[in-house]
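In the order they appear, the protein sequences are chains A and B. By the count of full-length UniProt numbering, the first sequence reaches residue 529 at its end, each step adding exactly one. By the count of full-length UniProt numbering, the second sequence reaches residue 529 at its end, each step adding exactly one.
Hints are computed from structural coordinates only; laboratory data are not their basis. Where hints are given, some of them may not hold.
One copy or two, either will do: identical chains are not told apart, so a pair holds if it fits within one copy or between any two.
[As the list claims (entries may be wrong)] Calculated pairs, DSS-like style, for lysine-lysine (alpha carbon to alpha carbon, straight line, at most 25 angstroms):
1. K54 <-> K64
2. K54 <-> K198
3. K158 <-> K112
4. K423 <-> K64
Number of protein chains: 2
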Amino acid sequence: MARADFHVYDTTMRDGAQQEGLNLSVQDKLTIAQHLDDLGVGYIEGGWPGSNPKDTEFFALAAKELDLEHATLAAFGATRRAGVAAADDPLVAALRDSGASVVTLVAKSHDKHVELALRTTLEENLAMVRDTVEHLRREGQRVFLDCEHFFNGFLDNKAYALEVVRTAIEAGAEVAVLCDTNGGMLPHWVGDIVAEVKETTGARLGIHAHNDTGCAVANSLAAVRAGATHLQGCINGYGERTGNADLITSVANLEFKLGMSVMPEGALRDATRIAHAISEITNYPPSARQPYTGVSAFAHKAGLHASAIRVDPDLYQHMDPALVGNDMRLLVSEMAGRATIELKGRELGFDLSGDAETLSRVTDRVKRMEQEGYTFEAADASFELLLMEEVEGGRPSYFDIESWRVIAESAGAGEALAEATVKLRAGGHRLAVIGEGNGPVNALDHALRQAIEQVYPDVARFHLTDFRVRILDQGHGTDAITRVLIDTTDGVATWVTVGVGANMVEASWKALVDAVTYGLRRHEVAPLR
Amino acid sequence: MARADFHVYDTTMRDGAQQEGLNLSVQDKLTIAQHLDDLGVGYIEGGWPGSNPKDTEFFALAAKELDLEHATLAAFGATRRAGVAAADDPLVAALRDSGASVVTLVAKSHDKHVELALRTTLEENLAMVRDTVEHLRREGQRVFLDCEHFFNGFLDNKAYALEVVRTAIEAGAEVAVLCDTNGGMLPHWVGDIVAEVKETTGARLGIHAHNDTGCAVANSLAAVRAGATHLQGCINGYGERTGNADLITSVANLEFKLGMSVMPEGALRDATRIAHAISEITNYPPSARQPYTGVSAFAHKAGLHASAIRVDPDLYQHMDPALVGNDMRLLVSEMAGRATIELKGRELGFDLSGDAETLSRVTDRVKRMEQEGYTFEAADASFELLLMEEVEGGRPSYFDIESWRVIAESAGAGEALAEATVKLRAGGHRLAVIGEGNGPVNALDHALRQAIEQVYPDVARFHLTDFRVRILDQGHGTDAITRVLIDTTDGVATWVTVGVGANMVEASWKALVDAVTYGLRRHEVAPLR
Chain A
1 MARADFHVYD
11 TTMRDGAQQE
21 GLNLSVQDKL
31 TIAQHLDDLG
41 VGYIEGGWPG
51 SNPKDTEFFA
61 LAAKELDLEH
71 ATLAAFGATR
81 RAGVAAADDP
91 LVAALRDSGA
101 SVVTLVAKSH
111 DKHVELALRT
121 TLEENLAMVR
131 DTVEHLRREG
141 QRVFLDCEHF
151 FNGFLDNKAY
161 ALEVVRTAIE
171 AGAEVAVLCD
181 TNGGMLPHWV
191 GDIVAEVKET
201 TGARLGIHAH
211 NDTGCAVANS
221 LAAVRAGATH
231 LQGCINGYGE
241 RTGNADLITS
251 VANLEFKLGM
261 SVMPEGALRD
271 ATRIAHAISE
281 ITNYPPSARQ
291 PYTGVSAFAH
301 KAGLHASAIR
311 VDPDLYQHMD
321 PALVGNDMRL
331 LVSEMAGRAT
341 IELKGRELGF
351 DLSGDAETLS
361 RVTDRVKRME
371 QEGYTFEAAD
381 ASFELLLMEE
391 VEGGRPSYFD
401 IESWRVIAES
411 AGAGEALAEA
421 TVKLRAGGHR
431 LAVIGEGNGP
441 VNALDHALRQ
451 AIEQVYPDVA
461 RFHLTDFRVR
471 ILDQGHGTDA
481 ITRVLIDTTD
491 GVATWVTVGV
501 GANMVEASWK
511 ALVDAVTYGL
521 RRHEVAPLR
Chain B
1 MARADFHVYD
11 TTMRDGAQQE
21 GLNLSVQDKL
31 TIAQHLDDLG
41 VGYIEGGWPG
51 SNPKDTEFFA
61 LAAKELDLEH
71 ATLAAFGATR
81 RAGVAAADDP
91 LVAALRDSGA
101 SVVTLVAKSH
111 DKHVELALRT
121 TLEENLAMVR
131 DTVEHLRREG
141 QRVFLDCEHF
151 FNGFLDNKAY
161 ALEVVRTAIE
171 AGAEVAVLCD
181 TNGGMLPHWV
191 GDIVAEVKET
201 TGARLGIHAH
211 NDTGCAVANS
221 LAAVRAGATH
231 LQGCINGYGE
241 RTGNADLITS
251 VANLEFKLGM
261 SVMPEGALRD
271 ATRIAHAISE
281 ITNYPPSARQ
291 PYTGVSAFAH
301 KAGLHASAIR
311 VDPDLYQHMD
321 PALVGNDMRL
331 LVSEMAGRAT
341 IELKGRELGF
351 DLSGDAETLS
361 RVTDRVKRME
371 QEGYTFEAAD
381 ASFELLLMEE
391 VEGGRPSYFD
401 IESWRVIAES
411 AGAGEALAEA
421 TVKLRAGGHR
431 LAVIGEGNGP
441 VNALDHALRQ
451 AIEQVYPDVA
461 RFHLTDFRVR
471 ILDQGHGTDA
481 ITRVLIDTTD
491 GVATWVTVGV
501 GANMVEASWK
511 ALVDAVTYGL
521 RRHEVAPLR
């Protein structure tokens, strides 16, 4: 099947955002959309314009700011209300005005839901589908129809469920997406029903599966094998209850197991990176066990396997992990650790291949630090400073910290203010500087940069652009370990540093010091030593 | 199918323990075995006696200490080494001496693995299977055979894979378990192959599936539908790489979706409790999205659904959650309409049905606060305080804050220490108290509770058990909004509160104040007003 004939449709930002604890800002959504486009999906459902101010704003900004190479943006919404003309329904107008060239309309296809939830007649529901599709088609938009609760509807009242599909297609909808909204289906049921609907209606069909039976991916595959040519899912399987079908797993199965070509050539080589980047944005830690993209997905623990893996890795893995941008890892073998470090070192300009002793010292230190909570996967700048320490005999030093202190306080119910004091020596001067901010890290950042700037003017060009906190080892209350990642830019490049500590202020301080040190080295400022 | 004719076989303690980061002590294993027996599984694979001292000790202690009602203990091990008589192989002897009435032997069934990993001949491998099975049968044990890499073997050399099955069964093995060891299979392949093996050999078959394609549960079901009558899996889907088939999900599908009876009547009503208890032992936090047993598995967020849930909960859930010991929950979120708020209010004991004005005021306020960064879907206690404010004319007040201040500081590269000062009025006293901690939030928590405890001794029983930070609107550096969720317990109940502010200290302070206020109200302490 050619790629153009198959829709890979992402609904992370709409149905995925129904997940408990998942909240996306407009800026989060713009960033996720860009990642999804890089991944090569065909359609990105951006939200429900008109239902809340954030989604309306997203579509307005997306039209101006997003530059999508592969993907088409889709706006989600409902069919018109009962008893109102489609043209007069403000929610339908919001879809029309969203600027999205595709509208995905959700419609009831289960008779009981029409009567009990929508509280209208079966005939009026069909009219709502017909009118809304026709109206949006006349306005120049492509329309996909999500048939909500389709499978339960089909089992309870087959004739009516089929009539909803026929009505939508006759009115101009391009595809009828059969939704297992409650998620209770099994693959053989999905396969049989999709085949029968296709046979009976001749409509182009899609599948939207939830994971309540642990079969979301298998249900999606069963639908595709039965003739569906439109597949919905979410990155990392986000979604309400047990989540939606994991889009990357589903697509990787189509590509690598069934030999279909539904994505741009080689695009899945970025899948692991993008799955993890999106989980940084949602702040929903990625599952190590996630198929294809999890950090453990190609990790081998059993010593039994280790020697055989060296003979032929394909004996013990179901595919080449590089195809999805992942890596094989041997959990008990030091060789594996060293190989990764050597590779990463080479990336950063350090040739460790000839120096087994240094390589093993660096590997040990990285392992020890990662056990303490550090992560170097994202924090290349901190890793490079670590390599300088171990390989070049020391990291560049531009200043000596004497002490730091930060005070945050509030009178009554008033807003909290923070003030930081940083004392350090640099370029023969002793500097004691205060910085203010709306929070302790903000105040420390100001104080540190104001002090160093007096000796190294380059620092004035650095500023912090992102700041991510993760509490590790949750369940230990405020005693838990905190990890902070900080992005700093000089307007040309951006670098990421990491700090770990017993609290956020301490962890942030370490990441701030690394950020300034790395920036000065990058600007080729001569260090003290 | 009658229960006795179907094996539900748990391998959490053997194959599940191959998961990255999962380590079980002997005591852990004894406790898990008891939970598995309570759950009603038929077979518990306890480990590999002879391969390590821990597993040998487990079987010795299990024979003395475990009192199993439903389950039979199985010992896992390999066929004899090449060129050695089964009776002379110490690892085979350890299986015989384990005291387990069932031995599950793993054998190579993929020709390439015999030659490249085992480095023996195809004939010798068959002899190893035959000899070991016959030996253990003569010693009075029942034998199951795990055919490692069966599916890949079948595709590469069908005749040999089938010969391994036939050899084992002829030697007296009760069941041949077809293992998708590398986890790359899809359900229709598994179904077809199991059917063919059954047809060709007439052997009793089992299935052992891994989740590398996200299809472990579906692959297990496909095997059972094709005639397998022995199902292996792990609690919570533990296992190497992406994990093994989740045993509870698989079994719940057989019972509730396919109408089979494979577990003791009603036993799955304990499934949620047991899945969570075992995750406490493994210290691997349970996934909220786990099918059937996850805390989110029956949680509903969408406002769209809430009004209909009021009419008929079965419209929006695929089964009654009580059947697996879980509960339906309604989440309050920015997408929530009035219906969700009304239902949630009812859950918390507030009847808002007759008061449209209050209902719409609360709904508006929730939406406004969620736009500021609050989230109430997890923070029931903060939501209840908000309802008291809006419905009862004010939230209970136990103290008046005059001011708070926290200092975090560090000399040189030393560890950071924090000290907090809290000044407040309560019960006619003015209290000024300091608290110390390893971080600012920790110090503030100590100071606040030490102050209030002087007037309200109940507070001494409260303590913080979890603490989650999320930086909202990332991309604004340290100016971003911070949201903190805090879990507090009094040893009986646990409640969750939320705070939002320009920095983590301010946000935490708000959540701490809510936590103490809610706890005092819960203890029915009379407020100031």
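Verification of the hints:
In this homomeric assembly, K54 and K64 come within 25 angstroms of each other (Cα to Cα) only inside a single copy, at 16 angstroms, whereas the closest approach across copies is 63 angstroms. When the C-alpha separation of K54 and K198 is checked against a cutoff of 25 angstroms, the pair qualifies neither within a copy, at 37 angstroms, nor between copies, at 57 angstroms. In this homomeric assembly, K158 and K112 come within 25 angstroms of each other (Cα to Cα) only inside a single copy, at 12 angstroms, whereas the closest approach across copies is 50 angstroms. Taking the closest pair of Cα atoms, K423 and K64 never come within 25 angstroms of each other, the shortest separation being 46 angstroms inside a single copy and 50 angstroms across copies.
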